[in-house]
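Colleague: Sequence:
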Amino acid sequence: MNIGCASTTKSTSRRERHSAIFTVACVVSIGSALEVGIGCNEARAPASAPKPTAEELADFRPENAGAGTPEAQARHWVQLLENGNGSLDGYFRQRRELVRLGSAAVPALCDAIARGAEAEPNLVDNCCDILAEIKDPFAVPYLIDLLDHPTSQITVKAVEALERIHDSRAIAPLVKHALATPEPNRAPFLRALGSFQDEVSARLICGEIADDRSLETRILAIQLLGGMGSTACVSALDGLLSDSNGQIRLEAAGSLLRLGRADSALSALRETLKSGVPEMRARAVTLFAQSGSPSVIPILTDLLATGDSLRVVVVAALGQFGDRARAPLQSVADDKDPAVSQVARLALVKSGDVGMRSRLVQELSDGSPDVRQRAVEILKQARATEAVDPMIRWARTTKDPVERRALVRALVTIGDSRALPFLVELLLSRTTESESLTEWQQAVANLGELALPALEKEYDSRLHDTAQDQRLRIIRTLGLIARDDSLAVLERLFMSESNPALRMALRTTARSLRRCL
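Position 379 (the sequence shown) corresponds to 374 in our numbering; numbering is contiguous.
Don't read these hints as lab results, they were simulated from the structure.
Hints should not be assumed to be uniformly reliable.
Here are the simulated BS3-like pairs of lysine-lysine, each with C-alpha atoms no more than 30 Å apart in a straight line [as the list claims (entries may be wrong)]:
{"hint": "1", "residue 1": "LYS331", "residue 2": "LYS269"}
{"hint": "2", "residue 1": "LYS46", "residue 2": "LYS452"}
{"hint": "3", "residue 1": "LYS171", "residue 2": "LYS130"}
{"hint": "4", "residue 1": "LYS375", "residue 2": "LYS452"}
For each label pair, taking beta carbons as the anchor points, the in silico distance ranges come out as [as the list claims (entries may be wrong)]:
{"hint": "5", "residue 1": "ALA227", "residue 2": "GLN357", "range": "55 to 61 Å"}
{"hint": "6", "residue 1": "ASP384", "residue 2": "SER456", "range": "20 to 26 Å"}
{"hint": "7", "residue 1": "ARG198", "residue 2": "ARG378", "range": "43 to 49 Å"}
{"hint": "8", "residue 1": "SER259", "residue 2": "ASP329", "range": "37 to 43 Å"}
{"hint": "9", "residue 1": "ARG478", "residue 2": "GLN74", "range": "23 to 29 Å"}
{"hint": "10", "residue 1": "GLU211", "residue 2": "LEU52", "range": "24 to 30 Å"}
{"hint": "11", "residue 1": "GLU381", "residue 2": "GLN325", "range": "36 to 42 Å"}
{"hint": "12", "residue 1": "GLN325", "residue 2": "ASP258", "range": "25 to 31 Å"}
A quick note: this is a predicted structure, and the numbers were derived from the prediction, not measured.
From the three backbone atoms N, C-alpha and C, an ideal C-beta is built for every residue, glycine too.
Between the sequences and the hints, there should be enough to build the whole structure, so can you do that?
Modeller: Written as structure tokens, this is what we have:
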């Protein structure tokens, strides 16, 4: 995706100008609403809310954009894309709707490419991104035409889209352009061709491993051959195991491992482990893991036992084998090196080790501060729902704001609805410091649709409070949840709210949110 990376000054300046106007408008409008609301804390709400006008209700209800047939909807969204409203959120809405329409949107996107190929590089760039997601073969001829585009950025986008659509009609044009493209710019063509399992592509990529090519090109070609699997690929890679360059030998061994040719490859990787170059040894360990072959587990286990300096890398590699590497991972779960034990514990939790998960949950209550913090980080990455309750208990009792923030981030990442009451409590607490308020608002908003019912319920419970601060916090948080559902909640609250300042805040927030949808 590319927004605002136009090759023409005219297009870029227009987008930047609109983007700046949009950003300032959102900030000023919401800020004004909050200032008005906070200044009216003493006004008591009337018994019933005034009837809204049609103009006021329009702020809460998205336009019936693109009504009609899917093709008509597609033309509407492509027109908005072509106009370039300058809003990044607006672009994502257009892209989302066009991808949803799927094949029905492809003719309109291809027509936009044909019309804007020379004059609107931003438009063409964005259309290529969307076509790559839809993956409809109808677009292939249009994308092939873009391989001759004078702007390299457009050419690369077309190549990437052809790679994802994966239509055999693209092979010959890709080969032709790859051969005609200077070596430093050939990588996208090679990657695209590497996704096809045909002999023509394989032979072309085999030609890129010759020692007269740059090291970067040779390594890319070797990595691509490891995913192709033809006899020619295997033969070419075998020949590289005796190359004079150690990196080439290393990458060739890794590709042979991926092709299931383990014997000669493992021997080459073992030799690399004897190297004095830490980067090459670390790469060898990573390739062992990427091979997915259980036969490498004993090799990696031996490295752990010898106290190798790359133990963290080795433990991470063993973690990719899951339950098959449980024994060596358990042996270092309490290693004296905290980095090693942390990686090992995370790997065990992700592999489904129930004992380790229970132990870490217990450490949230019983461990020292350092132990507890490490447990939080692991359980957060593992999205362990059983850790939600002890994390909440700890967050309620801690007086350390850094600890509390770490716990809130963990609860949001886990994403369990049981954390919502506590997070909303933090958001609405009268003791919440101003510098923490924005963080708690974003934390609740990050839970998305899970948070909407809780926020709506809290607002309703405070409808007749004379103080308005808490309702304003809820309004601001709803404005951070970029969903149509959030607009619907704002509309319902507007209908029941009688305070003029709060009605203004609800309407202004809805208007800003609509621009982002």
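Colleague: In this structure, is the beta-carbon distance linking GLU381 and GLN325 contained in 36 to 42 Å?
Modeller: At 20 Å between Cβs, range violated.
Colleague: Just tell me: holds or violated, for the beta carbon distance of ASP384 and SER456 against 20 to 26 Å?
Modeller: For SER456 against ASP384, whose Cβ atoms are near 24 Å apart, the range 20 to 26 Å holds.
Colleague: Just to be careful, I want the Cα atoms of LYS331 and LYS269 compared with a cutoff of 30 Å; is the pair within it?
Modeller: holds, 25 Å
Colleague: LYS375 and LYS452: Cα distance at most 30 Å?
Modeller: It holds: about 28 Å lies between the C-alpha atoms, which stays within 30 Å.
Colleague: Return holds or violated for the Cβ distance of ALA227 and GLN357 against the range 55 to 61 Å.
Modeller: Because 56 Å falls inside the window, the suggested range holds.
Colleague: May I ask you to test the hint 37 to 43 Å on the CB atoms belonging to SER259 and ASP329?
Modeller: Since the Cβ atoms of SER259 and ASP329 sit about 38 Å apart, the hinted range of 37 to 43 Å holds.
Colleague: Would you say the C-beta atoms of GLU211 and LEU52 sit inside 24 to 30 Å of each other?
Modeller: Distance hint for GLU211, LEU52 is violated at roughly 59 Å.
Colleague: Between ARG478 and GLN74, does the C-beta distance stay in 23 to 29 Å?
Modeller: holds, 24 Å
Colleague: Verify the proposed pairing of LYS46 with LYS452, using a straight-line Cα cut of 30 Å.
Modeller: holds, 22 Å
Colleague: Taking 25 to 31 Å as the hint, is the beta-carbon distance of GLN325 and ASP258 inside that range?
Modeller: holds, 30 Å
Colleague: That 43 to 49 Å hint for ARG198 and ARG378 (C-beta), does it hold up?
Modeller: Given range 43 to 49 Å: holds, Cβ gap about 46 Å.
Colleague: Could you grab the alpha-carbon distance between LYS171 and LYS130 and see if it respects the 30 Å cut-off?
Modeller: holds, 22 Å
Violated hints for the displayed structure, listed by number in ascending order: 10, 11.
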